[in-house]
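Participant: Sequence:
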Amino acid sequence: LMAAQTWQPTNRDATKMTRIVLTGVTAMSRATAYKMETLGITKPGELILPFVQDAQILHTSNEVAFSENCPTPDPFIDSTVFCSADKYMELLTYIGLDVVELTGNHVNDYGVGALRHSLDLYDAAGIAHFGGGRNFDDARQAWTTENNGNTIAFIGCNVPGPFKAWATTEDPGAAQCDEAYLAEELPRLAAENDVVIMTVQQWEFYRYQAGLEQIGQFTTYAEMGADVVIGSQAHQPQGFTFVPRAGQQPSFLHHGLGNLFFDQMQAIGTRQMFMDKIIVYDGRVISVELFTGLLEDYCCARPMTADERIEFLTTIFAASGW
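At position 297 of the sequence shown the residue is numbered 291 (the working numbering), and the sequence of numbers has no breaks.
Just so you know, these hints were derived from the structure itself, not from any lab. Heads up, some of the hints might be wrong.
[Stated by the list, open to error] The calculated lysine-lysine pairs, modelled on BS3-like cross-linking and capped at a C-alpha distance of 30 Å, are: (1) Lys10 <-> Lys271; (2) Lys37 <-> Lys271; (3) Lys81 <-> Lys158; (4) Lys37 <-> Lys10; (5) Lys158 <-> Lys10.
Put together the whole structure using the sequences plus the hints.
Facilitator: If you want it as structure tokens, here you go:
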């Protein structure tokens, strides 16, 4: 066969493959914003770029709205009211962001006008959005896309609020989780798309183990039709669950990814982070590649060393009950 040059070295067909990279919390504010001002706007993305640049779809949950009135960042002010300068959009375009999740509880910190302005900036940059939007209907609408023959739907929602973060019939905000709506929408999306990705802003807990309420909710979403369920709330990474489904492959649940761009250097747990590369082939999820990183200098994640990765994954697997 080799002599005749009829040997097939692989049955992989790259035209049937889609790489989706899911990342955690983005908050280009406070000390992270200060570092962007002093080191360069794109500095936080430099060391993660090799992992994300082959993705056909790159996602992040940006909790912070852009505001034309955002003050110059002061790293010594520990405020929890966040905004980003318009010029920080350059970091998102530098890493090649395709879709932004807007389920975060800080999306309306600077008022609904800032979020409207942010949506205009995303539209101008060609970045899609889901999990939040210009009003109630837009916020809960799924974003669907097709790549290499694979149809993929993204949908997201916010559990804890606060009330001012949720979208209304007139004002922008995050989509409040509505179990009755999702009980109809997730099966519909599953019937019309190859892969359904559900993201959830749950209650925040600084621990590796996911709570029973969160595991139960994510499991319910998987049973409703989500192939992948991601916790977008976690500033500290959390573990995994696989949910068996009759007649289908299991759903993959990752209860918390950690921070992508944020300044939480106070503990090892908030410095550790995941990015999940979901490999879709011929209409189904076939694998997940885990990037493990460590935040440095209040701004910039780097790949973990081999020893750091072993220790981190051992901790996460134990927290997952494995």
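Participant: With reference to the structure, classify each hint as holding or not holding.
Facilitator: Hint-by-hint comparison with the structure:
1. Of the pairs offered as hints, the one joining Lys10 and Lys271 holds, with about 16 Å between alpha carbons and a cut-off of 30 Å not exceeded.
2. For the suggested pair Lys37 and Lys271, the alpha carbons sit about 22 Å apart, so the restraint of at most 30 Å is met.
3. At roughly 26 Å between alpha-carbon atoms, Lys81 and Lys158 fall within 30 Å of each other, so this suggested pair holds.
4. With a CA separation close to 33 Å, the supplied pair Lys37 and Lys10 exceeds the 30 Å bound.
5. Note on Lys158 and Lys10: the hinted pairing is violated, with a Cα-Cα distance of about 42 Å set against a maximum of 30 Å.
In this structure, the hints that do not hold are numbers 4, 5, in rising order.
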